[in-house]
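First to last, the protein sequences are chains A and B.
Going by full-length UniProt numbering, the residue at position 299 of the first sequence is 299; the numbering climbs one at a time, nothing skipped.
Going by full-length UniProt numbering, the residue at position 114 of the second sequence is 114; the numbering climbs one at a time, nothing skipped.
Check before you lean on any hint, since a few could be wrong.
Note: identical chains are not told apart, hence a pair may lie in one copy or across any two.
Stated by the list, open to error - DMTMM-like mimics (lysine to aspartate or glutamate), calculated; alpha carbons at most 20 Å apart, straight line: (1) Lys-67 - Asp-315; (2) Lys-230 - Glu-9; (3) Lys-2 - Glu-237; (4) Lys-283 - Glu-20; (5) Lys-67 - Glu-282; (6) Lys-67 - Glu-254; (7) Lys-325 - Glu-167; (8) Lys-172 - Asp-127; (9) Lys-7 - Glu-211; (10) Lys-140 - Glu-167; (11) Lys-7 - Asp-127; (12) Lys-202 - Glu-254; (13) Lys-67 - Glu-279; (14) Lys-202 - Asp-127; (15) Lys-250 - Glu-115; (16) Lys-2 - Asp-233.
Because the hints were derived from the structure by calculation, they are not lab data.
Protein chains: 2
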Amino acid sequence: MKKLINKPEDVVLEELQGIEIAHPDLVKIHYDPNFIVRADAPVKGKVALVSGGGSGHEPMHGGFVGKGMLDAACPGAVFTSPTPDQMLEATKAVDGGAGVLHIVKNYTGDVMNFEMAADLAKGEGIDVEAVVVDDDVAVKDSLYTAGRRGVGLTVLMEKIVGAAAEEGRSLKEVADLARKINSQGRSMGMALTSCTVPHAGKPTFDLPEDEMEIGIGIHGEPGRTRMKIKPADEITEMLMMPIIEDLPFKSGDEVLLFVNGMGGTPLIELYIIYRKAVEIAEKHGIKVVRKLIGPYITSLEMAGTSITMLKMDSDLIKLWDAPVKTAGLRWGI
Amino acid sequence: MKKLINKPEDVVLEELQGIEIAHPDLVKIHYDPNFIVRADAPVKGKVALVSGGGSGHEPMHGGFVGKGMLDAACPGAVFTSPTPDQMLEATKAVDGGAGVLHIVKNYTGDVMNFEMAADLAKGEGIDVEAVVVDDDVAVKDSLYTAGRRGVGLTVLMEKIVGAAAEEGRSLKEVADLARKINSQGRSMGMALTSCTVPHAGKPTFDLPEDEMEIGIGIHGEPGRTRMKIKPADEITEMLMMPIIEDLPFKSGDEVLLFVNGMGGTPLIELYIIYRKAVEIAEKHGIKVVRKLIGPYITSLEMAGTSITMLKMDSDLIKLWDAPVKTAGLRWGI
Chain A
1 MKKLINKPED VVLEELQGIE IAHPDLVKIH YDPNFIVRAD APVKGKVALV
51 SGGGSGHEPM HGGFVGKGML DAACPGAVFT SPTPDQMLEA TKAVDGGAGV
101 LHIVKNYTGD VMNFEMAADL AKGEGIDVEA VVVDDDVAVK DSLYTAGRRG
151 VGLTVLMEKI VGAAAEEGRS LKEVADLARK INSQGRSMGM ALTSCTVPHA
201 GKPTFDLPED EMEIGIGIHG EPGRTRMKIK PADEITEMLM MPIIEDLPFK
251 SGDEVLLFVN GMGGTPLIEL YIIYRKAVEI AEKHGIKVVR KLIGPYITSL
301 EMAGTSITML KMDSDLIKLW DAPVKTAGLR WGI
Chain B
1 MKKLINKPED VVLEELQGIE IAHPDLVKIH YDPNFIVRAD APVKGKVALV
51 SGGGSGHEPM HGGFVGKGML DAACPGAVFT SPTPDQMLEA TKAVDGGAGV
101 LHIVKNYTGD VMNFEMAADL AKGEGIDVEA VVVDDDVAVK DSLYTAGRRG
151 VGLTVLMEKI VGAAAEEGRS LKEVADLARK INSQGRSMGM ALTSCTVPHA
201 GKPTFDLPED EMEIGIGIHG EPGRTRMKIK PADEITEMLM MPIIEDLPFK
251 SGDEVLLFVN GMGGTPLIEL YIIYRKAVEI AEKHGIKVVR KLIGPYITSL
301 EMAGTSITML KMDSDLIKLW DAPVKTAGLR WGI
């Protein structure tokens, strides 16, 4: 196992220590239970956004805590759901009196634990709503999931809904917006290589030197199919078509196109993918009005990419463009 | 070879096509000869900054073209110097009448070609100065270099000097500032794995499953030594101490600490390195006043890290904090 770590059991703790000394202007770290909150939390009168999930997908979610995005993130062990006490304490720490929205990726452990935390928080008088993200069109039901998996759309949701909360919208409005985003965004990913979970010490799956996996999950869960590696343009087509056909995206639609790197993919390759993805979208009459290109929801050092398309309107565009200041996404401030 | 590409010979062209459609608000692409310029180039009365080098180090340099940083970048083939005609045409395209600064990493081909381009540009009446970056303390003379290699400090120089040019400083002032930065910044890197140049189709070097290379170059050139993989804290010490001792950095110094990912290293690991690097700096009385953490000067999909320290003062801090709007670095706008 080739990793820049000390002991596998200290990876998340030491990462949090690094974040704490790197970004004191943006975040505070709470240990035991572990969570990351905005430096100015709680923000009085603002709906607070809490997300979380297994570590190993950085910068998601901890790198998205800050003005205009998340109020708190709960990191679990690598590829392992955080616990209800992390979520509960984070919820209490960021509640500014206007309620808290939980953004939950659709994995069985995450959903169960966030539900438990929400019930406990409500018992303490905090208004909590939850939105489950399930944008991955690759498979229905999976290793850790009933229904579809939550993947790249989570990043876009956290940005857009974060801006809406910053604007002063109510908990109901913010939750409805998140559900709308989930209803009009779709994703699919692929891998050239596996990743290695530090505790496991060996690759999550074996993939021969000339093969790739289409429809991979962000924890290396099985996708749709394995096949010989194809040129980038064909791979892009294999990801874009199921996305377009699923929603379906239609001629005249305006979209945000997000080409994501899985952690071990050079940026040069993501631009090659982006180029072809735009060409395919345009061939279907779909207009790319906003974009995001880079490693934002990763699977440790996995080589691969995922594509997310979100149907936009003037409200979503305005919220996407709004200022954001986090370690992982920053503009306008 | 596992890459998201089409044909190896089309990698740079298709990357440029991707950048062109992704960032029309930031840059324009010129083909044959290939270079990337600011969308609003030439900026009248402003000193223009031109850099360039082999591709495969993205986001450097093309991702740093934009307001507050570079005016143009010349991408060569992967790990291959761009040609003098690229540099000459880029220089002419961005000259706003206040002169042009060439920022050149110290590799034999880059230095020779930028010198030739500068001579040709001067022959056409353009005022050109050049600064060579040679911050890598790992080795003296190397596979492609007489003297030290230019690595991570280049990113910091492009940001800081870009802000100075934006402020309206003269060509002489901007060039002197770049030389000052080169004199007070040092770097060193290491690799866990090799990278694979698309044209070559196989790893640049072989590194056994339990070994790492300390002092690696950004093209996979040999470093100081190979050894069994150590814990992250020991690796950080092996990079930090030669950096501190070389300048030397002294107790009381204020620095910018840059922990760079080589392309295939998860962000989670960079924060573990950053945490230890700050601890080592503080133990020596060195105060980290600014930081940069992420993959900014990469070697395709190489797994590894490099550390750069730059001694700061109030002028450098002000310039570092100034607004920048590029695909690779953005804040304040």
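Now for the hints, and whether the structure bears them out:
For the identical chains of this complex, Lys-67 and Asp-315 are intra-copy neighbours only, at 19 Å inside a copy versus 28 Å across copies, given an alpha-carbon limit of 20 Å. Taking the closest pair of Cα atoms, Lys-230 and Glu-9 come within 20 Å of each other only across two copies (16 Å); inside a single copy the shortest separation is 37 Å, beyond that limit. Taking CA atoms no more than 20 Å apart as the test, Lys-2 paired with Glu-237 passes between copies only; the shortest distance there is 18 Å, against 33 Å inside one copy. For the identical chains of this complex, Lys-283 and Glu-20 are inter-copy neighbours only, at 18 Å across copies versus 46 Å inside a copy, given an alpha-carbon limit of 20 Å.
Neither within a single protomer nor between protomers do Lys-67 and Glu-282 lie at most 20 Å apart by alpha-carbon distance, with minima of 34 Å and 29 Å respectively. Proximity of Lys-67 and Glu-254 under a CA criterion of 20 Å is satisfied in neither setting, with 27 Å inside one chain copy and 28 Å between copies. When the C-alpha separation of Lys-325 and Glu-167 is checked against a cutoff of 20 Å, the pair qualifies only within one copy, where the shortest distance is 15 Å, while the shortest distance between copies is 24 Å. In this assembly of identical chains, the alpha carbons of Lys-172 and Asp-127 lie at most 20 Å apart only when taken from the same copy (10 Å versus 61 Å across copies).
Taking the closest pair of Cα atoms, Lys-7 and Glu-211 come within 20 Å of each other only across two copies (17 Å); inside a single copy the shortest separation is 32 Å, beyond that limit. Taking the closest pair of Cα atoms, Lys-140 and Glu-167 never come within 20 Å of each other, the shortest separation being 36 Å inside a single copy and 55 Å across copies. Taking identical chains as interchangeable, the C-alpha atoms of Lys-7 and Asp-127 are never at most 20 Å apart, the minima being 39 Å within one chain and 55 Å between chains. Proximity of Lys-202 to Glu-254 under the C-alpha cut-off of 20 Å is found in neither arrangement, the shortest distances being 42 Å within a copy and 41 Å between copies.
Taking the closest pair of Cα atoms, Lys-67 and Glu-279 never come within 20 Å of each other, the shortest separation being 34 Å inside a single copy and 28 Å across copies. In this assembly of identical chains, the alpha carbons of Lys-202 and Asp-127 never lie at most 20 Å apart, being 43 Å within a copy and 56 Å across copies at closest. Within a single copy, Lys-250 and Glu-115 get their C-alpha atoms no closer than 35 Å, and across copies no closer than 53 Å, so neither meets the 20 Å cut-off. In the homo-oligomer, the alpha carbons of Lys-2 and Asp-233 lie at most 20 Å apart only across protomers (14 Å), although the nearest pairing inside one protomer, at 31 Å, exceeds that limit.
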